Every structure is written in structure tokens, then in C-alpha cells.
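Student: Here is how the chains run, residue by residue.
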Amino acid sequence: MLKCRTAWQKLAPLARASSTLCRQNVKRTVLKCDSTMTQVPRVQMSSGTPGGDNTLYIVLVGATCLGAGFYAYRTLTSDKSRYHDRISEIASRPSKMSPQEQPATYMQTEPTAPAVEAPAPVSLPEIPAHAPYLLIGGGTASFAAARSIRARDPGARVLIVTDEPDLPYMRPPLSKELWFSDDPSATETLRFKQWNGKERSIYFQPPSFYVSPQDLPKVENGGVAVLTGKRVVHMDVRGNKVRLDDDSEISYDKCLIATGGVPRNMQVIERAGDEVMKRTTLFRKIEDFKSLENISRDVKSITIIGGGFLGSELACALGRRSTESGLEVMQMFPEKGNMGKVLPEYLSNWTTQKVRREGVNVITEALVKNVSFQDGKLEIKLKDGRLVKTDHIVAAVGLEPSVELAKSAGLEVDSDFGGYRVNAELQARSNIWVAGDAACFYDIRLGRRRVEHHDHAVVSGRLAGENMTGANKPYWHQSMFWSDLGPDVGYEAIGIVDSSLPTVGVFAKATAKDTPKAATEQSGTGIRSESETEAVASGEMLASTASPQAPQQEEDYGKGVIFYLRDKVVVGIILWNVFNRMPIARKIIKDGEEHADLNEVAKLFNIHED
Amino acid sequence: MSYCKQEGKDRIIFVTKEDHEAPSNAELIADDPNDPYEEQGLILPSGEINWNCPCLGGMASGPCGEPFKAAFSCFHYSTEEVKGSDCVDKFRSMQECMQRYPELYPQEDDNDNTPQGESGAAEAATPGTGDSDPAPTPDSTPVSGDASQTQRPTAS
Numbered sequence: 051m052l053k054c055r056t057a058w059q060k061l062a063p064l065a066r067a068s069s070t071l072c073r074q075n076v077k078r079t080v081l082k083c084d085s086t087m088t089q090v091p092r093v094q095m096s097s098g099t100p101g102g103d104n105t106l107y108i109v110l111v112g113a114t115c116l117g118a119g120f121y122a123y124r125t126l127t128s129d130k131s132r133y134h135d136r137i138s139e140i141a142s143r144p145s146k147m148s149p150q151e152q153p154a155t156y157m158q159t160e161p162t163a164p165a166v167e168a169p170a171p172v173s174l175p176e177i178p179a180h181a182p183y184l185l186i187g188g189g190t191a192s193f194a195a196a197r198s199i200r201a202r203d204p205g206a207r208v209l210i211v212t213d214e215p216d217l218p219y220m221r222p223p224l225s226k227e228l229w230f231s232d233d234p235s236a237t238e239t240l241r242f243k244q245w246n247g248k249e250r251s252i253y254f255q256p257p258s259f260y261v262s263p264q265d266l267p268k269v270e271n272g273g274v275a276v277l278t279g280k281r282v283v284h285m286d287v288r289g290n291k292v293r294l295d296d297d298s299e300i301s302y303d304k305c306l307i308a309t310g311g312v313p314r315n316m317q318v319i320e321r322a323g324d325e326v327m328k329r330t331t332l333f334r335k336i337e338d339f340k341s342l343e344n345i346s347r348d349v350k351s352i353t354i355i356g357g358g359f360l361g362s363e364l365a366c367a368l369g370r371r372s373t374e375s376g377l378e379v380m381q382m383f384p385e386k387g388n389m390g391k392v393l394p395e396y397l398s399n400w401t402t403q404k405v406r407r408e409g410v411n412v413i414t415e416a417l418v419k420n421v422s423f424q425d426g427k428l429e430i431k432l433k434d435g436r437l438v439k440t441d442h443i444v445a446a447v448g449l450e451p452s453v454e455l456a457k458s459a460g461l462e463v464d465s466d467f468g469g470y471r472v473n474a475e476l477q478a479r480s481n482i483w484v485a486g487d488a489a490c491f492y493d494i495r496l497g498r499r500r501v502e503h504h505d506h507a508v509v510s511g512r513l514a515g516e517n518m519t520g521a522n523k524p525y526w527h528q529s530m531f532w533s534d535l536g537p538d539v540g541y542e543a544i545g546i547v548d549s550s551l552p553t554v555g556v557f558a559k560a561t562a563k564d565t566p567k568a569a570t571e572q573s574g575t576g577i578r579s580e581s582e583t584e585a586v587a588s589g590e591m592l593a594s595t596a597s598p599q600a601p602q603q604e605e606d607y608g609k610g611v612i613f614y615l616r617d618k619v620v621v622g623i624i625l626w627n628v629f630n631r632m633p634i635a636r637k638i639i640k641d642g643e644e645h646a647d648l649n650e651v652a653k654l655f656n657i658h659e660d
Numbered sequence: 005m006s007y008c009k010q011e012g013k014d015r016i017i018f019v020t021k022e023d024h025e026a027p028s029n030a031e032l033i034a035d036d037p038n039d040p041y042e043e044q045g046l047i048l049p050s051g052e053i054n055w056n057c058p059c060l061g062g063m064a065s066g067p068c069g070e071p072f073k074a075a076f077s078c079f080h081y082s083t084e085e086v087k088g089s090d091c092v093d094k095f096r097s098m099q100e101c102m103q104r105y106p107e108l109y110p111q112e113d114d115n116d117n118t119p120q121g122e123s124g125a126a127e128a129a130t131p132g133t134g135d136s137d138p139a140p141t142p143d144s145t146p147v148s149g150d151a152s153q154t155q156r157p158t159a160s
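Just so you know, the protein sequences line up as chains F and H, in that order. So in my numbering, spot 509 of the first sequence is number 559, and the numbers just go up one at a time. So in my numbering, spot 81 of the second sequence is number 85, and the numbers just go up one at a time.
Honestly, the hints are just simulated from the structure, not real lab data. Please note that the accuracy of each hint is not assured.
Result set (EDC-like, lysine to aspartate or glutamate): computed pairs, CA atoms no more than 20 Å apart in a straight line [stated by the list, open to error]:
no. : chain 1 : residue 1 : chain 2 : residue 2
1   : F       : Lys-637   : H       : Glu-70
2   : F       : Lys-404   : F       : Glu-385
3   : H       : Lys-9     : F       : Glu-650
4   : F       : Lys-350   : F       : Asp-425
5   : H       : Lys-21    : F       : Glu-214
To give a feel for the contact side, a few chain F residues facing chain H, derived at Cβ under 7 Å [claimed, not checked]:
no. : residue
6   : Ala-201
7   : Arg-202
8   : Pro-256
9   : Val-556
The structure presented is a predicted model; accordingly, all values stated were derived computationally and were not measured. Glycine included, every Cβ here is placed at the ideal spot set by N, Cα and C.
Let's have the full structure, built from the sequences with the hints guiding it.
Tutor: See below:
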């Protein structure tokens, strides 16, 4: 096109000139014809060769056209050759710009040949220059994806890049099992007892499972390598490569972003200054657990701000400690009860009572106005005037998804839910997938959402890994989540569980047998391993709750199933102290049907059985 | 006697055991066993092995993943009278690999690291029971892999 334009521009004046010449000639010819027609009809036919004048004109026009044509041809060919020169010049530039990449790729493609221009083949770079599968973030989603990729792509080479110093580990025990462990060295070993009685580490795999990043490009059969302590700061989507905080670059074929998030802090704390900040824990990682565990032995009073999953679990864990050590544990949040945004009000209130029985001083409807450090104590001033004095604060007020790469990578960030926006197959752009806490994905059944639970990280990481190896499957298998709040309250949930939705709860009229602990002993499956002291304590508690049976009294929501409805369709289910029924719940949500009588649906769960 | 109450938008129903004795008339849609979206068990509808099955734990993805896949595939497609008897070499190389990583593949007596590797693999060959239950035979998959969708995280 460019050629034509430049050619035309050059020829235009000539063209105009010759065309006007032609037109003038034609006009004259026509006029001539017309004049001859009107005057002498017989002479009409002879417009072609009326006489000597025309021949001269024709010759002139012909010569001009020929000349113009010749000139045009000359111009075009010279332009063409100039164009080719330019293109080859541009092409030669990239090879001058990246001399470092050349030796590395040279070594990769010809590992056996002695290096001619590359550095000595013995020392491989510590950070590989290329990873066929690059996973950014070293958490649950990333590990699940790595496993999926390795299972499906024989000999796959997977590189995980994480800014944490640790190998991939699971988070739930940090706020649950690790606090209840009988073993005093659990904080160091990070080992805990599972619900089936077997002990394991929070690390998904021991170090011997992984290959070193250095060896990854050449190890036979591939493997998974984890590059710790490095942060990806820039992503070049066009060039299929990332840049780390130490300026090294890694190119990839397929990339997963599983960066999770960072705990949110409260503005009142951030503004309060260093003395307050250093007495505040934002709980997420192993180091936060170790630090809080230590602190809980030293201080006299801890306050947890936040009434959601993490806040309530930590409150119960610390509350349990308080019975032994005399530690004062307080929990405060704006809602009316624990899990106020998840459980319907009646259940949230009931749960709050249980949490209080775990030894926690729960302060509801508490909005923090101001935090300061005075006389060696932290002072939390609430909006309604109440004042709380404490030694340490744990802020569990939500998670901010990590989307720092969105700008450089040109990825969309969701304005409603936060996180990277991806489609139903978890893909953000070609060759880039996102999984885990950071992914705002399209759920075919339940709509666009972002989920911050462990099982979702596993499910989405797995799915991303499958899709990175060519599966093209949408998010379909619904993930679940669970929580235990002491020996009396345990639940599993699936789907959208939002307390603002209308709910229908079907509960079994309670008996003394309805607790996670009791379910353990009955079925022998081991919901959780309990220590002797706990067994004694819960026995006393059960005796006290068994006495009031009158229906007018506060109901004992021992066990049941709660349906969350959106437009009459069940979009979420909580199994309240009812275990091993998740597949049924998953099926009901998958069907997405309108059920006229939810009591009939509840029958499917057999809540009276164990 | 069951009863029901309403608290704002939330409905609460208390039911006795007798109330729930009659079978449910709630209708569920029949599942398509070949639905490509669904989680598959150990054996795919095509007859191939699903290496990504949570029931395998980390066996197919670890450092001995390839020897494991080779041995197990051989066993799966073996048409010998004693199934897998033509795969002894592959099981041996798998075992050798696993011995190099005792931390990952603990050498217990009742798992498939014994010379009777075939029988151990046969145990693992029984398809997983349902999509969310992992490792029906916990001992035959000794690797403590657990990025599996379970009700609670467990090691196999």
C-alpha cells in the first residue's frame, strides 16, 4: 500500500497533466463528433480519424503515457529496493540488543556440543532464562497447578517464583490445627494431626520433591523448581517474559499468576504510628503464625479486630489458650455476631455465644474510631465511646488481592470484586492464567466471583494447570470451605454463602450427640483429634446445654443444613455439624433448579444420621 | 413434631427423625458420566488413565512421576494372564527411583514399593469413589500429596 501511495504521489502531477490532456482531447473529439453529427449525420462514424489534427494529439498522449509509465516503473522498483534495505536493517537490530540471551539459548539447544562462544557449560545460571511453565506465586493454587501440569505433560519443567522464603504450604492449619497441637514443638516443625489422625507437615511436599531452579532446564524427566525470595515486578506479555526484582528476566511459554493477596490493614492503625504498628499482627504467613504464637505467651491481653473466618478462628484458638495461661482474649467487629456476613442472624448469634464459651470476650457492633499507645498499653477507642485496653492487636479485616502486575502486563482488574479478571477457563490473555485468591473468574453456574478459600485455590489451581496443558475446561467443580469454632461448632459450606440472601435452615431437633467431637467418636472417622483436657471441658458443656429442651427457649441449632437462595434457586449450602455430605450439596448447586419445598431437599442429607 | 418459624428473610424449620423418614420427592437431574467438565476418576471414559486424579496423590507429578506412569500404564494395558507380569522391569526401575527419595516414598511394608508392585498398583487402580473422596486405599499411595479437593486436607 505504501508503495502505491508513494508511487501515486510521484505520478500525480504527471497523471493530472496527462489526464487533463486526455480529457481535453476527448472533449474536443466529442465536440467534434457532436458538431459533425448535427451538421452532417453521415460523417459521425469518422470521429476516430477525422484528420491530421487528431493523429498528432494521439501520438502526443501516447508518448506522455508511455513516458509516465516508464517513470512510474523506475520509481516503484527503486522504492522496493529501498524498502527491503530498511526492513533488513531493522531485523538486524534485535540481535545486537540481547547478547546475554544468545549464549543461554545456545546452550539449551545444543547441550552436548562444546560451547563455542558461550561461557563455560559447567556453570548454569542460578535463575533459568526460560521456563516452559512459569508460575508466579508459591501458594496453594500454584502448587496445585504445578501438580496438574506435571501429571498431564510428561517431563514438564515448571518454575515457581515466590517472594516468600518458604516452599509451598497450606494455610488453614496456621489458624486451626497448629494451635491445638499437643506437640510443643509444633511451632517449629509445623506438623499437625489431621482429622483422620495422621500427622503431616503444612508443607505440601518436602524439599526433596523439588529440583533446583538451576537444574530445571536440564534435568531428565523435568520437575518442579521453586525460586524463593524473588518477586516478579514486571511482565512483558508481548515478549512472553517477566522481570524479577533483581533485574533478571525469565521467558515463558505458559504463565500462571497465583499471587494471592496481602492482609488489609485498618486506616486507624496505619495512622496511629510505629508504637501501634509494631504491636499489630496482620496474619497470613508462617512468620505471622510464629510471631503471634510467641506473643501469645508473653502478653496479657490480645484483641482481634474482625469477625470473619480468620478472626473467629484465631479468637477461638487463642481463647483456648486463655484457659491455661490466663491470657485475656477479646474480639471486636462491626457486625452483630461472629460470621455476621456469612451466617443468618439467628445462627450468627448462636455462634457468638459459642465463641464466648471458648473464653473470648466478644464485643459486637464495634466500630474502631481511634487507636493509640499510652502508658504501655494499646488503647482502642470505639465510636460509641467504649474504650478497650490491650497489649496486642490482630487485624483480620480482609484480604487485598495482589494485582501489581496488571499494569505492566496489560491485564484487566475487576472493579467489583478486585483481582485479575479472567474468563470461565481462568484465562486472562493468551498464555496467561490466574488462579486462587487473585482470580476474579466467571463461574458458569453462580456468576462472576472471587473466592478466598483453600479448596478453591486447589480447585482453580488444578484447573488452570489442566488448561495450561490444553484442556479448555471451565470452572465447574464447585469448591467448598469449612470452619471449626471450638469443639461444638463445625461446618462445611459450598457456593455463595452470603447472609444478605434469604435462607431456609432445616435443623434436626437437637440431641446431646450433635457435635464434631461426638461425630468423631461415633463414626470413628476422626473429625479432629482432641486432647484429654478438651474432652473433659466439652463434656461439661454438653451437660449444661442438654437441660433446656422447651421449644420457647433459645433453640439449640445442633445440626442441620442451611440453603441460601437467589431468585428461588439454591446458590449456597451450609452443612452445619453434618459431615461427609458435600457431594450431595455440590450436586444441588450444580443442578441450579428451583425446588418448591426445601424440606424435601433437606431430606437428601439425612441430617439425623451421623 | 416439626415446626417452622420465620425471622425476617430467614426461614427456620425443625424436623424430627420421623419427619424425615419418608423418602425425598426432590428431583435431581441425572448426571452424565461422560461430561467432559466434571472431575474424572482414575480411569477416563476413553479407557485411559487420568494421571491428574487426586486419588494418585503426588505419584504422577513427583521426581519419579515418569517411571511411575510407565509402570502403571504397562500394568493397565497388560493383557497377560497374570496382569502386569510383563511389566516387572518397569516396576523395578520405578522402585529404584523411589528408593532414591525415601522422604517422598516412605518404604513401608504394606504399600506398592514392595516387589509385589503390581498388586499395590492394582489397589490404586480401583477408581476413586466419587469426585470428592480421595485415596480409597491410603496405604498404596504413600506420597503425602494433598492438593486434592477433599472435605478437609489430608495426606494419602
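Student: Each hint: holds or not?
Tutor: Here is what the structure says about each hint:
no. : hint                  : in the structure
1   : F/Lys-637 - H/Glu-70  : 35 Å, violated
2   : F/Lys-404 - F/Glu-385 : 16 Å, holds
3   : H/Lys-9 - F/Glu-650   : 17 Å, holds
4   : F/Lys-350 - F/Asp-425 : 15 Å, holds
5   : H/Lys-21 - F/Glu-214  : 51 Å, violated
6   : Ala-201               : 4 Å, holds
7   : Arg-202               : 6 Å, holds
8   : Pro-256               : 5 Å, holds
9   : Val-556               : 5 Å, holds
Checked against the numbered hints above, the structure violates hints 1, 5; every other hint is satisfied.
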